[in-house]
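Since the structure of chain A is provided, determine the placement of chain B on it from the hints.
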Amino acid sequence: MKKILAAATMALGLGLGVSGLAMAEPLKIGMITTLSGGGAGLGVDTRDGFMLAIKQSGNKDITVVTEDDAQKPELAVQIADKMIQSDQVDVLTGIVWSNLLMAVVPGAVAQGKFYVSTNAAPAALAGAGCNKLYFNAAYQNDNLHEAMGEYAAKTYKKMFILAPNYPAGKDSLTGFKRYYKGELTGEVYTKVGQTDYAAEIAQMRASGADGIFVFLPGGMGISFMKQFAQSGVKIPVMGPGFSFSQDVLPAIGDAALGAKASGQWAPDFDTDVSKKFVADFQKEYSRLPSIYALQAYDAGQLIVSAAAKASVKDADAFRAELLKADIKSPRGNFKFNTNQHPIQDIYLTEVVKKDGVLTNKTVEKIFADHGDAYAKDCKI
Amino acid sequence: MTIALALEQLLNGIQLGVMLFLMAAGLTLIFGVMGLINLAHGSLYMVGAFACATVAAWTGSFWLGLIASLACAAAAGAIVELAVIRRLYDRDHLDQVLATFALILIFSEGTRWLFGDFPLYLDIPPLLQGIVNLPGDASYPVYRLAIIAVGALIALGLYLLIGKTRLGMRIRAGESDREMIGALGVDIRTLYTLVFALGSALAGLAGALVGALQSVQVGMGEPVLILAFVVIVIGGIGSIKGALYGALLVGITDTLGRFLLPQLLAVFVDPSQAGMIGGAMASMLIYVVMAVILAVKPRGLFPPAHA
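Chains as they are written, first to last, in this note's numbering: chain A, 286 to 665; chain B, -19 to 287.
This is chain A alone, in the form it adopts within the complex (with noise of 0.2 Å):
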């Protein structure tokens, strides 16, 4: 009796293992974005980057389910709680924010689930903080604002520097004043969501900078530049990409032409892959692809491949796949670093109207293979 039952266990074992290398394990993904109020053109456009990837890779037993966080922090721990305990997802993503990220992802990693960053990428994460479970496909933080930094250092004297008082405006002048060393003629922290900026733009011009540095992301940054156009003030205005980028140019119109600023990415960019994730796109979704659409597009096309060559369920494994980055990106080189932060090129574009459609177009390459300030506090 005892033999027949350890024959049938064993038979059980094998033809479950046979089984298992036979058809691809089921992934299940959780998108956390923002869908609703003012910042859902970021949300859409990183959901809409994530689904082609997923579309693309054909992978059947690859299934999303989408849900809004309304850029409230305690809206996204509810939807990640429920997402994690009766949706059962294997992987989260998705989330645009920082401050909801720092709210949702250490508990989601504390009950050993994957989360793969298509933006937020708090410093705190990335140095002493960081996850094995934690990766993120976009960049860290500061890196987009070090890089106007070092661009500024080398073509003006006397900035000014802008950004909302909250945790990532801070991290915003920090990254951007690491490596611009000149004079400063004004450091303004502003509210978050402020809507005028006169009494900023005052000051600006009464500073006697010859350039200007702000981050100012979504409806602030479109609030700012009108105001800065119409207020007849000349001194080049420079941003991180996300301050020019595609959902937020139409808004601002001409008003943004010259506009300098820092991106791995922008969609002129004449490699074949990035043609094709540009032309992909458009015909998707009938307009240009932001950064966040590639960022998320990424993040969809690293755990696609993961998941072509592992189970979820063994996380090693998995975190081994995604660890080596095999993917072709629209942005060209990308590895990730020790902390599972992107290591890539960063480039200097400019506002540029083509075909009366207003664009970022790539000027000169920042920085090359570039890391992040955190990557040697983290113990993995």
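None of these hints come from the bench; they were simulated from the model. Glycine included, every Cβ here is placed at the ideal spot set by N, Cα and C. Treat each hint with caution, since some may be false.
To be verified - Some chain B residues close to chain A (C-beta under 10 Å, calculated; not the full set): (1) Ala(-16); (2) Tyr101; (3) Leu114; (4) Gly237; (5) Gly259.
Chain B alone, transformed into the frame defined by chain A:
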């Protein structure tokens, strides 16, 4: 600090105040006459901005957009009053807050449904582009001066309307005693709809004027709504005059605070820290001012006589 910069900042403060007045005037009028707390006032501001941006994009004319913003916001206000608000006059304020909060959600999601997720484009008209030179080597955008002028005209118009016309007399009578004015044969229901539409049109106008300066996007009304409530609490709820002075006070305090506090702190700590702490303090400043005013005059600066 030069005189030019000080003058420019003062004008910025007045301009912000005038914008707040357009919002606050409608809010305080509706509260004063009907005793209604209308949280959806910010949504009507958004309706005005979207109407202006859409019509301006269709026709290429900002001015047609401006007319559309008045018309759409007034129409939206009248419809909301007839369909929802009318049922709330006899309820307590909690019910009104709940119902008008629901209206915010309906307006926001409805706007997203109609216009999509991305902000709209709206630029200032060519006539008002450019800057003017002011004495003391200062310069100031024409459009912002025009906003100040529009606000002054609206303030004057409201003063004449409330103080000198038959409609204004009825509005004042409605504020004092709504049963009595009803008993005297005035059609109070139509009067309420009219007042609500008027307040809505003012919010829509503010939205359209500001839409050319800012981002026309879903949810743009709520931050302004909070400031408008601060204004009417400072000014005395129900008082148009109070709304005017309160708005200018809040506008100038906020602008000068944002400008001066970091500079003041820079004397004591390093500029980076000063910017951060000063910025944080500046965003609290108007609430501190409100608290001080309420401590001294609990019913605001110009409380209406009857309340």
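Which numbered hints fail: 3
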